[in-house]
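Participant: With the hints as extra help, turn the sequences into a complete structure.
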Amino acid sequence: MTTQATVQPKASAADSAAPVGDRSARLRLILAYVLLIGYALLMFVPFAWSVATSFKTRADAAQLTFIPDPVSLTGWNAAFNDLDPAIPVLFFNSFLIAGIVTVTNLVLGSMAGYAFARLRFPGREILFLLVLGTMMIPDQLRLVPVYQILRTLGLLGGNAQYIGVIVILAIAAPSIFLLRQYFMSIPVALEEAAKLDGAGFYTTFWRIILPLATPALAAVAILSFQGTWNGFFWPSVILQERDNWTLPLGLWQFNDLYNANWPALMAVVVMATLPIVVLYVFFQRYFIEGVAAASVKG
Amino acid sequence: MAVASPQTSRGTIGSERRSEMIAGYVLVAVPMIIFLIFNIGQIFYALYISLFDWGARGAKEFLGTANYTDLLGDPIFQKAITNTLYYAALVVPLQMAIGLFLAVIVNQKIRGQTFFRAAFYFPAIASSAAITVLFIFIMNPEGLFNNVRAAIGLNPIFAALGFPADQNWLLDSSTAMNSIILLNAWTTSGTMMLFYLSFLQTISKEVYEAAAIDGASWWQNFRHITFPLLAPGHYFVATVSLIGALQMFDQAIIAGGSGGEPNNALTVIVLFLYRSAIREFDFGLAAAVGIILFVIVFAFTLVQRRLFGQAPAW
Numbered sequence: 001m002t003t004q005a006t007v008q009p010k011a012s013a014a015d016s017a018a019p020v021g022d023r024s025a026r027l028r029l030i031l032a033y034v035l036l037i038g039y040a041l042l043m044f045v046p047f048a049w050s051v052a053t054s055f056k057t058r059a060d061a062a063q064l065t066f067i068p069d070p071v072s073l074t075g076w077n078a079a080f081n082d083l084d085p086a087i088p089v090l091f092f093n094s095f096l097i098a099g100i101v102t103v104t105n106l107v108l109g110s111m112a113g114y115a116f117a118r119l120r121f122p123g124r125e126i127l128f129l130l131v132l133g134t135m136m137i138p139d140q141l142r143l144v145p146v147y148q149i150l151r152t153l154g155l156l157g158g159n160a161q162y163i164g165v166i167v168i169l170a171i172a173a174p175s176i177f178l179l180r181q182y183f184m185s186i187p188v189a190l191e192e193a194a195k196l197d198g199a200g201f202y203t204t205f206w207r208i209i210l211p212l213a214t215p216a217l218a219a220v221a222i223l224s225f226q227g228t229w230n231g232f233f234w235p236s237v238i239l240q241e242r243d244n245w246t247l248p249l250g251l252w253q254f255n256d257l258y259n260a261n262w263p264a265l266m267a268v269v270v271m272a273t274l275p276i277v278v279l280y281v282f283f284q285r286y287f288i289e290g291v292a293a294a295s296v297k298g
Numbered sequence: 001m002a003v004a005s006p007q008t009s010r011g012t013i014g015s016e017r018r019s020e021m022i023a024g025y026v027l028v029a030v031p032m033i034i035f036l037i038f039n040i041g042q043i044f045y046a047l048y049i050s051l052f053d054w055g056a057r058g059a060k061e062f063l064g065t066a067n068y069t070d071l072l073g074d075p076i077f078q079k080a081i082t083n084t085l086y087y088a089a090l091v092v093p094l095q096m097a098i099g100l101f102l103a104v105i106v107n108q109k110i111r112g113q114t115f116f117r118a119a120f121y122f123p124a125i126a127s128s129a130a131i132t133v134l135f136i137f138i139m140n141p142e143g144l145f146n147n148v149r150a151a152i153g154l155n156p157i158f159a160a161l162g163f164p165a166d167q168n169w170l171l172d173s174s175t176a177m178n179s180i181i182l183l184n185a186w187t188t189s190g191t192m193m194l195f196y197l198s199f200l201q202t203i204s205k206e207v208y209e210a211a212a213i214d215g216a217s218w219w220q221n222f223r224h225i226t227f228p229l230l231a232p233g234h235y236f237v238a239t240v241s242l243i244g245a246l247q248m249f250d251q252a253i254i255a256g257g258s259g260g261e262p263n264n265a266l267t268v269i270v271l272f273l274y275r276s277a278i279r280e281f282d283f284g285l286a287a288a289v290g291i292i293l294f295v296i297v298f299a300f301t302l303v304q305r306r307l308f309g310q311a312p313a314w
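Protein sequences appear in the order of chains Z and R. Its first residue numbered 1, the first sequence is counted upward by one per residue in the working numbering. Its first residue numbered 1, the second sequence is counted upward by one per residue in the working numbering.
Note that these hints are calculated values from the structure, not bench results. Be careful, since some hints might not be right.
In the DMTMM-like style, the derived pairs of lysine to aspartate or glutamate whose C-alpha atoms are separated by at most 20 Å in a straight line are [to be verified]:
#1 Lys79(R) / Glu20(R)
#2 Lys195(Z) / Asp282(R)
#3 Lys79(R) / Glu261(R)
#4 Lys195(Z) / Glu20(R)
#5 Lys79(R) / Asp282(R)
#6 Lys79(R) / Glu280(R)
Facilitator: Pasting the structure below:
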């Protein structure tokens, strides 16, 4: 680092201290933008392509033209009329499961997160380690025993399958962890003031802590909803009857059954992805904060 | 707040402690019960099942370790292990390198930082099912990938490498797994970028200021400051990426079915497990696969910890 510095100290000092104006720095900036825009296109083009393809005819879908010619709704018609289970059924199942799992993660996660952050009780540290330990166990290791238990409980047929999936996904360790970290960052003084006013633990939790934790609650809600909406592994194990399938399971089967009917398949891809894209556009911050929070804090 | 006041203000310190304790247990009870039954307890149940010939109707016969010896002698299972390790060996460095590269670029003083960060994470928000079906469409013989390489004149290069103009990437056993590697490098590098970005923020600015005084170039900064100081980040990203890679399943089964087509090219460990359990109802064998996978994941995590000499960030 220092050897080169002695050779031409002025030029390179200017290089990092004042990037604007310097020729090599400007070149680097241009190169950075080219890379950034190029890579961003690589991220978006396939999705834009799926939207365009959904409005094409089957013959047109094999062409390297972006604008559908002619614009056709046959793909969307097929997606709505020919699929079994029908699209509304898949949407209903996905919304039902993702909605309930989001609520259970918020309720159970914030309750446990508060207890782990603030309340003193024997065994707290061991229990919290246990929570973190669940993240070390691969889901796949649990496939067989969970399947056995759910079958014994009669949760592998009919609408009981919903309960099966929901119980497995009801609470995830990251939900507890994320909320606990956030609760710990709230100044204790607020709770002490409430305590002087005579508030108990539940009142403090409900009236003081929860309202202050809306950003963390939003992050957990979004992560849970997105994760469950997109989830594939547990649904593919538990939801064996097609009437209970979620959108990802439907897509998996349609891909086999409607092989090469690309406009119809792309219409389903667009529909399955759209709700999450809308969430992402409006709540992008929470998506990104949720992912980042998993890494540094601990 | 007034509702609770009579009891707590009158209570002695001892009874307050007690009510705090009870509140603690009440609040963690439901998650802990779910974790114990459906998570932690499952290791032991899986271990137990793996010692039996266990069919759709439950235990048939005690086998001891026969499921394990059968597995290790099964050429298809060996192939599943090789496929998984091959996939991990390529996808982990790719995801780390692209993730680090993007993070360093996005972390500079540039316009539209938030936009680019959001754009690079974009493929990670879609479901694996949607993105795999989209990928199958792009990689089909008449798909976008083959059309674009023809249009920009790359076909002579591809021909020299032995790929015809209508190469069926996902149905050719020599290219199927590499295609899935490409897919998951594309979708997951954005996540790795976000991890790296949050670790980049932990490096103090003063280090760079000192280097600037010494006249360090951009590359020297990266080589001697950023890269080594990111050691905890490398450890974290490598671990997350590797654990994900060893458990790869969705993309393999959607592209190759439960048979891992073509010719078991996409049969990875978890696909083998799923096939044994859900398709063949050989639960004892499937449970043994789960235990072997757990041991592999655990062993790799330990090796990584030694390599990077760092405790995990969580």
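Participant: Now, for every hint given, state plainly whether the structure supports it.
Facilitator: Evaluation of the provided hints:
Distance check on the hinted pair: lysine 79(R) and glutamate 20(R) sit about 55 Å apart at the alpha-carbon level, beyond 20 Å; violated. Taking the CA atoms of lysine 195(Z) and aspartate 282(R), the gap is about 58 Å. The hint is violated against a cut of 20 Å. Simply put, lysine 79(R) and glutamate 261(R) have alpha-carbon atoms about 13 Å apart, close enough for the 20 Å limit, and the pair holds. For the hint linking lysine 195(Z) to glutamate 20(R), the alpha-carbon distance of about 12 Å falls within 20 Å, and the restraint holds.
Among the hinted pairs, lysine 79(R) with aspartate 282(R) is consistent with the structure: their alpha-carbon atoms are about 19 Å apart, no more than 20 Å. Of the pairs offered as hints, the one joining lysine 79(R) and glutamate 280(R) holds, with about 18 Å between alpha carbons and a cut-off of 20 Å not exceeded.
In terms of the numbered hints stated before, the structure departs from hints 1 and 2, listed from lowest to highest.
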